[in-house]
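Trainee: In case you want the letters, here they are:
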Amino acid sequence: MSETELTSLERVETALAVKQADRVPVAPMIAIHAAAIANIPVNDFLFNFDLAQQAARKVFDLYEGLDIITFMPGVGLMYNSPFISTHSRLYFNWEFASNLPPQLREVSLMGPEGYDKIMDEGVISWLKRPQDYDAQEMLATTSKMKKEMKYWLRERQIHTFISATSVTPFDLLCQFRGMRNFFVDLRKQPEKVAETADFLAPGLAALAEFMYSEIKGVKRIFIGGVRGSATFISPQMSAELFFPGLKTMVEYLLRDGFQINLHFDTDWTPMLDLFNEFLPAKKGFLTLQLENTDMQKAKEVCGTNYCLMGNVSSTLQKMGTPQQIEDACIKLINTVGEGGGFILSSGCEVPIDAPFANVKAIIDSAHKHGIYRT
Amino acid sequence: MESLDKDRILRDLGKLFYGKNEEKFSLEKFLQSINNAPVIQERLIGRKADE
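Chains S and D, in that order, give the protein sequences. Letter by letter, the first sequence follows residues 2 to 375 in the working numbering. Letter by letter, the second sequence follows residues 4 to 54 in the working numbering.
For reference, chain S alone in the conformation it holds in the complex (with noise of 0.2 Å):
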């Protein structure tokens, strides 16, 4: 096969289908990066849909070569975003400058009657107006971004690769609670953790269920998760404590016909097997987005279920040399490519202040090494 034989939104679902395409796809998930390369305020690329939406554009066609657009014009939507999420600032203590990507200045939110209080009074309790919020212009930018996918989908034949996002109950009890007390919770009151995140799950499914109504595109959600991995606790506590409620999350979603981006940051090298256990093996419907996992480990214990996509680790992308990055990719392509079912990637995002190069690296590498030659 020739690597002009297929468009990107063929090569894309290919490689999602676990199968070979003509070349490995690739996509590094450029995000608030974008902000950066076209030179405007991260605040206006997060806060100005219709100045995202230019630099997006432009930022995509300088780096001529990408298969996904992932979600680049539509990020500022997360941090803006009522409807909970572990980005949104109306929930949680997002900070916003001019040319950093948002902090998170993480306090506990709630103390240990807090389970019950979710339970019984539901996450609308922590909701908060930040001043300059305005609910109808975030209602116009969901209409905005409801076109752009079109755009993308339509006019210019690449991938958007998701139409909404949500966040496991693990991760959102973690941030609510504080991560110090969370974990002393862990020990404390497992049980508890456990009866608020089994509570949580099926309303945070349907949370992006709603999302993609509203902005249709492609069928396939993202769901992030970190705080569940060997970065964070045992395998054990992650199959008792985390799994779970993924697990209902993910059942909801593939039974309502969604694919599932699991964008799963940190290491989750020792709960591999944990995804093969608790995860219907549903193949090709199910892409597993890692940041500091063992890809070749991956590749063996899930790829046959899984296409998988990373990891170009952020430390090289900011600090490494285009060589050193090709390199990298390199071995990616070779181990995990092997097959199909691979899109070469960065990890989570592309460093804000990661250089044109660097980022371009990874692009031609796919294009350099990634041609499939059976």
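DSS-like, lysine-lysine: derived pairs with alpha carbons at most 30 Å apart:
{"id": "1", "chain 1": "S", "residue 1": "K59", "chain 2": "S", "residue 2": "K151"}
{"id": "2", "chain 1": "D", "residue 1": "K9", "chain 2": "S", "residue 2": "K283"}
{"id": "3", "chain 1": "S", "residue 1": "K129", "chain 2": "D", "residue 2": "K9"}
{"id": "4", "chain 1": "S", "residue 1": "K220", "chain 2": "D", "residue 2": "K27"}
{"id": "5", "chain 1": "S", "residue 1": "K59", "chain 2": "S", "residue 2": "K145"}
{"id": "6", "chain 1": "D", "residue 1": "K27", "chain 2": "S", "residue 2": "K147"}
{"id": "7", "chain 1": "D", "residue 1": "K23", "chain 2": "S", "residue 2": "K189"}
{"id": "8", "chain 1": "S", "residue 1": "K220", "chain 2": "S", "residue 2": "K284"}
{"id": "9", "chain 1": "D", "residue 1": "K23", "chain 2": "S", "residue 2": "K193"}
{"id": "10", "chain 1": "S", "residue 1": "K284", "chain 2": "D", "residue 2": "K9"}
{"id": "11", "chain 1": "S", "residue 1": "K129", "chain 2": "D", "residue 2": "K23"}
{"id": "12", "chain 1": "D", "residue 1": "K27", "chain 2": "S", "residue 2": "K248"}
{"id": "13", "chain 1": "S", "residue 1": "K147", "chain 2": "D", "residue 2": "K9"}
{"id": "14", "chain 1": "S", "residue 1": "K118", "chain 2": "D", "residue 2": "K23"}
{"id": "15", "chain 1": "D", "residue 1": "K9", "chain 2": "S", "residue 2": "K118"}
{"id": "16", "chain 1": "S", "residue 1": "K217", "chain 2": "D", "residue 2": "K9"}
{"id": "17", "chain 1": "S", "residue 1": "K145", "chain 2": "D", "residue 2": "K9"}
{"id": "18", "chain 1": "S", "residue 1": "K248", "chain 2": "D", "residue 2": "K23"}
{"id": "19", "chain 1": "D", "residue 1": "K27", "chain 2": "S", "residue 2": "K217"}
It is worth saying that the hints were derived from the structure and are not from the lab.
Starting from the known structure of chain S, fit chain D onto it as the hints suggest.
Mentor: Same frame as chain S, now just chain D:
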């Protein structure tokens, strides 16, 4: 919501946002909740300073 079970989604959303006794989520009520929420100080630090 296409072929999705709208009633189930709105019931599950109702529980998420308003607790276990809530029947259903409505966007109208939710927008009202936003308007009634406690106002917090501007967090767009540096915006004016940088401008």
